[in-house]
Amino acid sequence: MTTESPSINLTSHDDVVRVEDLKVSFYTQLGVVRALNGVSFNIPRGRVLGIVGESGCGKSITGLSIMQLVVAAGRTEGGRILFREDAGQEPPVNILDYGKNSPEMRKIRGNNISMIFQEPMSSLNPCYTVGNQIEEAILLHQTNDKTEAHKRAVEVLTKVGMPNPSRIAASYPHELSGGMRQRAMIAMALSCNPTLLIADEPTTALDVTTEAQILDLMRGLQSEIGTSIMFITHNMGVVAQMCDEVAVMYMGRVVERATVDDIFYEPRHPYTISLLQSIPRLGRTKGRLASIEGSVPDPYSTTPGCSFHPRCPVAIKGLCDTIIPEETIVDAAKGHTVRCHLNS
Amino acid sequence: MTTDDMLLEVRGLKKHFPIRTGLMRRVTGMVKAVDGINFHIRKGETLGLVGESGCGKSTAGRAILRLHEPTAGEVIFNDPVLGKIDVTQADRETMMKLRPNMQIIFQDPFTSLNPRLTVGQIVGEPLEIQHRAKGTELSDRVAELLKEVGIRPENMTRYPHAFSGGQRQRIGIARALALNPSLIICDEPVSALDVSIQAQVLNLLDELQEKYGMAYLFVGHDLSVIEHISDRVAVMYVGYIVEMAKTDKLYFSPKHPYTEALLNAIPKADPRLRTRPERLQGDVPSPANPPSGCYFHPRCRYAKDICSVERPPLTDIGDEHFVACHFARELSLTGVQPLSDIKLEMPPARTV
Amino acid sequence: MAVDAAKLPATAHPAEDVGTIPQWKLMVRRFRKSKLSVAGLIMLIILYTLMIFSDFLAPYDHNRIDSNYAWAPPSQIGFADGKIVTYALKQTLDEVRFEWIYAPDLENPIPVEFFVQGYEYRFLGIIPSKLHLFGVPEGSQINLIGADKDGKDVFSRLLKGSQISLTLGFVGVLISVIIGSIVGTASGYFGGAIDNIIQRLIELLRSFPDIPLFLGLAAALPMGVPVQVRFFLITIIIAMIGWTGLAREVRAKVMAFRASDYTSAAIAAGASHWHVITRHLIPNAMSHIIVVGTLAIPGAIGSETALSFLGLGILPPAVSWGVMLRDAQTIEAIVNYPWMLLPVGVLIIAVLSFYLLGDGVRDAVDPYA
Chain W
42 MTTESPSINL
52 TSHDDVVRVE
62 DLKVSFYTQL
72 GVVRALNGVS
82 FNIPRGRVLG
92 IVGESGCGKS
102 ITGLSIMQLV
112 VAAGRTEGGR
122 ILFREDAGQE
132 PPVNILDYGK
142 NSPEMRKIRG
152 NNISMIFQEP
162 MSSLNPCYTV
172 GNQIEEAILL
182 HQTNDKTEAH
192 KRAVEVLTKV
202 GMPNPSRIAA
212 SYPHELSGGM
222 RQRAMIAMAL
232 SCNPTLLIAD
242 EPTTALDVTT
252 EAQILDLMRG
262 LQSEIGTSIM
272 FITHNMGVVA
282 QMCDEVAVMY
292 MGRVVERATV
302 DDIFYEPRHP
312 YTISLLQSIP
322 RLGRTKGRLA
332 SIEGSVPDPY
342 STTPGCSFHP
352 RCPVAIKGLC
362 DTIIPEETIV
372 DAAKGHTVRC
382 HLNS
Chain A
15 MTTDDMLLEV
25 RGLKKHFPIR
35 TGLMRRVTGM
45 VKAVDGINFH
55 IRKGETLGLV
65 GESGCGKSTA
75 GRAILRLHEP
85 TAGEVIFNDP
95 VLGKIDVTQA
105 DRETMMKLRP
115 NMQIIFQDPF
125 TSLNPRLTVG
135 QIVGEPLEIQ
145 HRAKGTELSD
155 RVAELLKEVG
165 IRPENMTRYP
175 HAFSGGQRQR
185 IGIARALALN
195 PSLIICDEPV
205 SALDVSIQAQ
215 VLNLLDELQE
225 KYGMAYLFVG
235 HDLSVIEHIS
245 DRVAVMYVGY
255 IVEMAKTDKL
265 YFSPKHPYTE
275 ALLNAIPKAD
285 PRLRTRPERL
295 QGDVPSPANP
305 PSGCYFHPRC
315 RYAKDICSVE
325 RPPLTDIGDE
335 HFVACHFARE
345 LSLTGVQPLS
355 DIKLEMPPAR
365 TV
Chain B
456 MAVDAAKLPA
466 TAHPAEDVGT
476 IPQWKLMVRR
486 FRKSKLSVAG
496 LIMLIILYTL
506 MIFSDFLAPY
516 DHNRIDSNYA
526 WAPPSQIGFA
536 DGKIVTYALK
546 QTLDEVRFEW
556 IYAPDLENPI
566 PVEFFVQGYE
576 YRFLGIIPSK
586 LHLFGVPEGS
596 QINLIGADKD
606 GKDVFSRLLK
616 GSQISLTLGF
626 VGVLISVIIG
636 SIVGTASGYF
646 GGAIDNIIQR
656 LIELLRSFPD
666 IPLFLGLAAA
676 LPMGVPVQVR
686 FFLITIIIAM
696 IGWTGLAREV
706 RAKVMAFRAS
716 DYTSAAIAAG
726 ASHWHVITRH
736 LIPNAMSHII
746 VVGTLAIPGA
756 IGSETALSFL
766 GLGILPPAVS
776 WGVMLRDAQT
786 IEAIVNYPWM
796 LLPVGVLIIA
806 VLSFYLLGDG
816 VRDAVDPYA
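Chains as they are written, first to last, in this note's numbering: chain W, 42 to 385; chain A, 15 to 366; chain B, 456 to 824.
Since the hints were made in silico from the structure, they are not lab data.
Just so it is clear, the structure is predicted and the values come from calculations on it, not from any experiment.
Hints are supplied without guarantee of correctness; some may be wrong.
What the hints assert, rightly or not - Covered stretches of chain B, going by a simulated chain A footprint (3 or more residues, C-beta under 8 Å):
id, segment
1, 618-627
2, 714-725
3, 730-740
Said to hold, decoys possible - Here are the simulated distance ranges between beta carbons:
id, chain 1, residue 1, chain 2, residue 2, range
4, A, V323, W, T199, 33 to 39 Å
5, W, S96, A, K260, 33 to 39 Å
6, B, L660, A, V323, 53 to 59 Å
7, A, P167, B, A711, 50 to 56 Å
8, A, S346, W, R147, 54 to 60 Å
We put the beta carbon where it would ideally sit given N, CA and C, even for glycine.
Build the full structure now, drawing on both the sequences and the hints.
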């Protein structure tokens, strides 16, 4: 699974989701935040795409946009989100054509695409048992039979490795530990056999031993039932362990897309390289860490040219600070692209 | 080994929080957040204190400063002027004299700076409290401190809300630096920061230590960060130190099963190391209701009968390697594999 | 150096450095964004300005009796010869209902004069003056919003009444804010036994039903004392009951701030209790105290009105809106002399304005709440 990545055609028809030039802005009292400035990527069917970047790069907004769950202040100002429920479905549906609360969107949400979040406590209702909440999702989308729904709920709880699924089904969220809650969330998300699972930093709030359990679980479930996963994270270690493809985001743009091996061994974008250099790695001798100078710019400001140029150690004067680099193909066979003048 | 270079010795430190219930607020239980820990820090070294959430690592750091009043134990601090003093027994006046030498940096850059004060007031506050400087002398010193941590002194009149997380963390460091401490408790100082900013702050801490020679007690949960910054590392589990050793020893040849499990659990930033080692099952027990014997025994795959009965003490198995396990000498555990060398090079710089 | 200080990014908004703006100024900015709250504030400024100039604006002493004008309706205002005029009233007796019926005598305009001399008063309680904004010559009367059963000018009484109604609640809350802040800070900061005692005491005080307690205390007030003393005593009653809630809120805030990292940093540097309280706790709790105080004023104004309405608060001959409402409590007054209910309208405006202001201040102080 690790080194042999089947080549993806850049215009493959077997993408679950293709995001094309997505633009989202937030209109706040302090000014306009251009959260997404033309984000493009594709999630190949049955694979795990990692979206990686620092806080404020727009990775969570991208996930929420696919679910059409962006808060009211955020406006989608362009682009398409093409979704194919089945392989080869033609034409794909553009999710953005549906209204946020339209029946079509409600059918997609939770049934075809489901999402899990960093803090499971905020997405589980404390007043209902875990079983009730999973059953509710199943009753909404799958079946009208209550006993059948309950059976399926216990089934899916077994699937996520709950030690005593029927007891867990009867417990309230606050009775579970953080790791158990996240398992319950995953169970809920998987209860309707979604085509795509969007996981927004699902292990960030967990301890390292629990995180390892959850990552193992997700990886195992993914190879078992073949759900496509969009995995949003800031942790390069999690990316390396979890993902097949990676999209690196910076300031509302995807700056590099490649297979996980290429991102780690053949990174092309200076941001990707700096990011990998700046993480302390286990088993490496001490010394200064390479760091990226400065910090992510103020969200209300706009940077001319390549948004990374003020922090880039190899920025070309007169080019990087004026012209936004186009996405260029580094390796078409492996689908490696980069937005950087040095690679064009 | 002379004891003169010993800066801090913690012996049997305990911090129990009472659980009160009912109308009469009767004490019905104890959360044994820190339950009898021993360790020492030498002058100028960094001891990493690592563990999962709720293991008591932050409480331990704060109990040393008496920000939480310790329940029991000794904290012997070697003050440059007063000599060795048990902090837990010091009276108000002695504390006032001790405090400048022991400072703290916090995790959350957004709540550790008072939003009503300017950066200059924040960094200058310890100097004012200790009557070290006034007027222009004070502002000169503050400017110097800010420069030291990479904040432009012009920013003195600005308020914390104008700064990013990383910059705020630098301001917090400048405040801790103000009184020239010989020990700084770093309470998860990079956990809330982005990866690229984390590296900046770690480098800054390294440089300051080189320049001023203070010791750090670096509390954290990220084993990679702890490995990077620490000379020695102590691993905590449910209020108790289970293993303490020099960093390389602890990472490459751990002697406690919990340390092994922790190291195996870290997601390695290298897709070639996609192994699925034996994972630790179950959850961390609650410090209000810990298991019998060795707290780790219910999750330990090497556990034998004795482990559920008797709590193993922290013993030196040689070369400052302390382990609290009945089978420390017998088990052969796997540590970190040396990392495959990934070459990462920036593309050569060009001009138009 | 990790980062060359000179290379650090300059301020984000070069034209206006948001970073140097203190918190309270940012709060003022956020406050100004809320139109309704600004409207509330403007309304309050108008009301309090009217209150300050009430003697100047009122044409008559609030206790001037003129039985010829009992239940006189609002005077009609008109123009004649380029002057503002009012008209004398013609009285006729309705023999069926045995009531005086008033009609303006349109043939007989009376010029309204401005900046006239009238009854004597002390402006702000200090400067003696006889000047009034307007008035009509002796022998006739102008009642902008009618007169009561003794022919007392309701307009003058409304203005005079605002002096008590608008200040009593304000001062009462001010006192409870001071008591509540001190007690709440002590309770939250020191915790332990002190906290326990204070909290039980507050619970005890709060478990008394409000209205009987009010009534009991008010009934115990000496009757024959001057208005000022009575005013002061009622203020104390309102404060005595109001401070408990505030103390609890301040305590909760202080506990949170005390547990904050910046407080820990100050303690780690050797700061005294006094330093921590004055430097970190009070300044941060202040905005919250202001909000709670602002939102408590309408309740206090209501309490005064209620007490006076029941005849236990301000007593005639002094006048407050509550006293005026007492005069309007008969069905007869409501049906035949609806202008007697005007104090209710003004009271609602004042109370509503305080609520709007308080809401706006709260949102400005704590935009994420």
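Hint-by-hint comparison with the structure:
1. For the segment 618-627 of chain B, the stated coverage by chain A is not satisfied: 0 residues place a CB nearer than 8 Å to a CB of that chain, which falls below the threshold of 3.
2. Counting residues of the segment 714-725 of chain B whose beta carbon lies closer than 8 Å to any beta carbon of chain A gives 10, which reaches the threshold of three, so the coverage claim holds.
3. Coverage of the segment 730-740 of chain B by chain A holds in this model, with 5 residues showing a Cβ closer than 8 Å to a Cβ of that chain against a need of three.
4. Distance hint check: the CB atoms of A/V323 and W/T199 are about 34 Å apart, consistent with the given range 33 to 39 Å.
5. About 34 Å separates the C-beta atoms of W/S96 and A/K260, a value consistent with the hinted range of 33 to 39 Å.
6. For B/L660 and A/V323, the hinted distance range of 53 to 59 Å is satisfied, since their beta carbons lie about 55 Å from each other.
7. Under the hint 50 to 56 Å, the C-beta atoms of A/P167 and B/A711, about 32 Å apart, miss the expected range.
8. Restraint check, A/S346 to W/R147: a C-beta distance of roughly 56 Å satisfies the suggested window 54 to 60 Å.
Of the hints listed earlier, those the structure fails to meet are numbers 1 and 7, in rising order.
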